[in-house]
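So the protein lines, in turn, are chains A and X. Taken in order, the first sequence gives residues 0 to 248; the numbers are from numbering that gives the first Met the number 0. Taken in order, the second sequence gives residues 0 to 286; the numbers are from numbering that gives the first Met the number 0.
In case anyone wonders, no lab produced these hints; they're calculated from the structure. Glycine included, each C-beta is placed from N, C-alpha and C at the ideal position. Hints are all accurate, no fakes.
Among chain X residues calculated to face chain A with C-beta under 10 Å, some are: (1) Pro81; (2) Ile82; (3) Glu84; (4) Met153; (5) Ala160; (6) Asn172; (7) Gly175.
Some chain A residues flagged as far from chain X (calculated, every beta-carbon gap over 10 Å): (8) His6; (9) Arg10; (10) Leu22; (11) Glu28; (12) Leu68; (13) Lys123; (14) Thr127; (15) Glu174; (16) Phe188; (17) Leu197; (18) Gly198; (19) Val226; (20) Gln234; (21) Leu236.
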Amino acid sequence: MLLEIDHLTVRYEKAVLVNDLSLCVDTGELVSLVGPNGAGKSTTLRAVSGLVAWERDIKRRSTAGDIFLEGTVTFNGERIDQIPAHEIVQRGLVLCPERRRPFREMTVRENLLAGAYLQKDKKKSRETLEKVHGLFPVLNQRSPQIAGTLSGGEQQMLAIGRAFMSEPKLLCIDEPSTGLAPLIRREVFEKIAEINRLGITILLVEQEVSLVFKMSCRNYVLSSGKVIAQGTGQQLLEDELLRKTYLGL
Amino acid sequence: MNIIITGLITGSMLALLAIGFSLIFGVARIVNIAHTAFYMVAGYCIYVLSVKLGLHPVLGMLIAVVVVTVFGLLAYKFLIDPIREHEAAVLIATIALAMIFQEAMLLIFTGDYLTVSALIEGYFILFGVKIFYQQVLTFGVVLVLLAVLWFLLMKTKLGLAIRSTAEDREVANLMGMNDSQLAMITMGISVALAGFTGAVIAPLTVLSPYMWMEPLILMMAVVVLGGLGSIKGSFVAAYILGFTEALVVFLIPKGAFLKGSVALSIMILVLLLRPEGLFGIVFEEER
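Turn these sequences into a full structure, and let the hints steer you where they fit.
Here it is in structure tokens:
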């Protein structure tokens, strides 16, 4: 297994965001986490990528409330749940955050180079940059443009491209379809599938169930911080109750 | 002509101070009130090294900058870093730090005004105005420093990391940038800039333990006018303020008395009319 989450619990003060959650992702897979708002999907990704632990350390220093993080996360055979976020990237687990969050005041090119921050070898980062340009030709055209002036779809591609620049083994993508027109959504998902075909394992969080089920190998349905069902898209759709209550189809 | 010279020099000095102040605020949200106190310490360092110990002034300047940077990093490590996530506490701590420096200088050098001699004596006359070589030198050094800083921020990986962290600390972490380490480095750069400013300005002014207050207010006005956290804004605003001040001093009779109030009036006007400043970022509420 590439990623194993075992009995993960995340609490902000008294609010339980992730409750005793376990799941795993195998090398080469494209796995999706689906479920309603507030199910703990994003928090799970934030915990895995070290952001929850990072935020916890900041809160502890400012006495502004506390975050609890329990359970184990194993990546590539190594425990990473207590490692700070910036060191997790080094190990090949990269998160493309919710709401895209490009560096708005920097150019497209600078955004992508920021993704390659840890790559010391300039030649190698140039190669990765070319790969990203191959995946998203629009980013090449927009290279000198300020990222804040891109359209929503372009910003999403930039965010994915930037994460790709960190040379991930496992790429976690949080809600890539938020606020995008249906046609652009489809394009973004096609790109994600293409990245997966390049041999990069993907853990995807999404609300757009109908599109996701077609491309992912396995899915986990989350609700109130717990896994309530798992299986292929086909299997999950066969369950009438699940479909109506949690997937909204 | 006099106005242009004074405006350029004051503006450049303010630009260096304000950019340093903006940098550390952007990266670590530290409001460093002691910023200009470091500038003062640099001035005194040069006095000790070149006047008391008789070192070559240029050597004295370089040592002064190093000393001030070390002071800054120590202050950061032991005073600011432990309370870094507590903005109000940082504010109070840096005010205290500035006071400590002020009192220390009072104890060591007493309140007498001290002067440092110019690197190059003499002057030339341009359009009927006396221009001291030292003024030209100061302006030149400032321009070089600004160019170096621009290169560092825009063209190097460290600069990219500093700008990324300033814009979105969390996402910068996701790219493998260590925000506490970067805060430390930025603090070093910021204080070094304050030190350099003190070093090049020392021959043009008099040293006193209270010399940090006036530039602090001016610098704050610059930062407010330019927009908090915006380096471009600080740069432009510094010259606007520098020239406004020079205009007031030279054109209005007894204008020198109005010097301080110009900066404060600009600050109040900006806060009333456009709180985010000329190039400021409107802070997006974290969800």
